[in-house]
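Trainee: Listed here are the chains, written in short residue letters.
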Amino acid sequence: MSSVSVGSRSRPGLFWFSSPQTFFPLAGKMTVWFFVIAAVLALVGLYIAFFVAPTDATQGESYRIIFIHVPAAWMSMFLYLVMALWAGIGLVMNTRMSSMMASAIAPTGALMTVLALVTGSLWGRPTWGTYWVWDARLTSELVLLFLYLGFLALQAAIDDPRRADKAGAVLALVGVVNIPIIYFSVQWWNTLHQGSSVSLTRSPSMAATMLTGMLIMALAFWAYSIAAALHRVRSIVLEREKRTEWVRELMAQGGLK
Amino acid sequence: MLSVFLQVIRRDLLLAMRQKSDVVNTLFFFVVVVTMVPLGIGPEPALLRDIAAGVVWVAALLAAILSLPRLFANDYADGTLEQMLLSSEPLSLIVLAKAAAHWLTTGLPLTLMAAAFGVLFDLDVNSTLVLVASLALGTPVLSLIGSIGAALTLGLRGGGVLTSLLVLPLYIPVLIFGAGSVGAASSGVGFTAYFLLLGAFSLFAAVLTPWAVAISLRISVE
Chain A
181 MSSVSVGSRS
191 RPGLFWFSSP
201 QTFFPLAGKM
211 TVWFFVIAAV
221 LALVGLYIAF
231 FVAPTDATQG
241 ESYRIIFIHV
251 PAAWMSMFLY
261 LVMALWAGIG
271 LVMNTRMSSM
281 MASAIAPTGA
291 LMTVLALVTG
301 SLWGRPTWGT
311 YWVWDARLTS
321 ELVLLFLYLG
331 FLALQAAIDD
341 PRRADKAGAV
351 LALVGVVNIP
361 IIYFSVQWWN
371 TLHQGSSVSL
381 TRSPSMAATM
391 LTGMLIMALA
401 FWAYSIAAAL
411 HRVRSIVLER
421 EKRTEWVREL
431 MAQGGLK
Chain B
17 MLSVFLQVIR
27 RDLLLAMRQK
37 SDVVNTLFFF
47 VVVVTMVPLG
57 IGPEPALLRD
67 IAAGVVWVAA
77 LLAAILSLPR
87 LFANDYADGT
97 LEQMLLSSEP
107 LSLIVLAKAA
117 AHWLTTGLPL
127 TLMAAAFGVL
137 FDLDVNSTLV
147 LVASLALGTP
157 VLSLIGSIGA
167 ALTLGLRGGG
177 VLTSLLVLPL
187 YIPVLIFGAG
197 SVGAASSGVG
207 FTAYFLLLGA
217 FSLFAAVLTP
227 WAVAISLRIS
237 VE
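As you go down the protein sequences, you meet chains A and B in turn. Under our numbering, think of the first position of the first sequence as 181, with each following residue one higher. Under our numbering, think of the first position of the second sequence as 17, with each following residue one higher.
If you are wondering where the hints come from, they were derived from the structure by calculation, not from laboratory data. Computed from a predicted structure; not experimentally measured. We treat Cβ as the ideally placed atom computed from N, Cα and C, and that holds for glycine. The reader is advised that the hints may include incorrect statements.
One-sided excerpt, in silico: chain A residues whose CB lies under 8 Å from chain B [claimed, not checked]:
(1) Leu-327
(2) Gly-330
(3) Ala-333
(4) Ala-347
(5) Leu-351
(6) Val-354
(7) Val-356
(8) Pro-360
(9) Trp-369
Reference listing, derived: stretches of chain B covered by chain A, where coverage requires no fewer than 3 residues with Cβ under 8 Å from a Cβ of chain A [stated by the list, open to error]:
(10) 169 to 175
(11) 183 to 193
(12) 225 to 233
Make a model of the complete structure from these sequences and hints.
Mentor: Structure, rendered in structure tokens:
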């Protein structure tokens, strides 16, 4: 059954890599590459961030945290969508690999959300004079963290992996439908409640080097997220498929590098 | 189809009547939580008036969350739920009926009870009416979205706490516009937009959640 070796499969179609057995080695190769890409891009990005980009006229040096903050915030939102997409595909097509992918993305997404919140409050202290304001964006980011944690908590509470996959998928999809509603509610609530709202709009013209640095850092975060998710999905595959023939063979060959 | 819908509501209401303590305890919890707040922050009428709507709404969310496990747990334990899954009638319809029955035994009593809090928090008649109306419009969402959480966590250890983790973030829009409507009414901004949105949330939830709950129940019971 699962002892069929990769080479003997007839034609690689759309679902070729939806099997854990074929995806595992590919994920291994991709993990290495994306970690390397992430490291190189991060080095370049951080160099630009700290040595090339000019000091901001109004915020001084403290603005440099945006080179971490903005990419983390982008990734936190984007990863939730990707996670929900994989979870949804797993629910509809019943492909195990997709659901495992969703579970693998969730911790990275939560990490990015935490990173965005922490760097945001560290930036807010010198700039706004406070670590936290009930700004619409901050509040929605916090709610996003709750959604991630809910997904993780639900999957952790269910022992049967198939049920965990499907239940998580429903929750992720319900979350995706709700995110815009929550976002606009919080925004409206914020504009109505806050008399003197702290403006998040920065100086309109951002120096070209700042933008370049930020975009390179964003790409580095992308590469890191891909690498981390693939690395994690490999562990999930091994854990769930540990009783199958191909994993045993791999272990026997010492192929778990 | 309508007869199934009414049958399920009738059955759940009958069960609730037979076991009044569940319903009464939820209400009691609601009252106790709301009472704790003035004791915690002090009795100044102006302050209490400002926070009344928010406190009542948050307490209503908590009370609704607390009552969610009984939505499916008993039916799951005695096998009725499996019969419902096997039924030839659409599961989402049965689920909608169960959510409606849950609202009749939780949301509706909470709404009526809230009128009394107007007095405790020194609200004028107008604000109290707006508060009650906002609860009437918004609490169906609590039962509907809550039923997704209850279905997903069915039979899990620590299901109660987990349900609140899953469901509370999804309650945020209702909380914002529910509590906000009272503030808007008292500040003269007008609460029509808030009520329209609350009604929209309820209808939106009534259309989509039964479907998600049906899927969740099949996942949890299979």
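Trainee: Checking against the hints above, which ones are violated?
Mentor: Numbers 7 and 8, in rising order.
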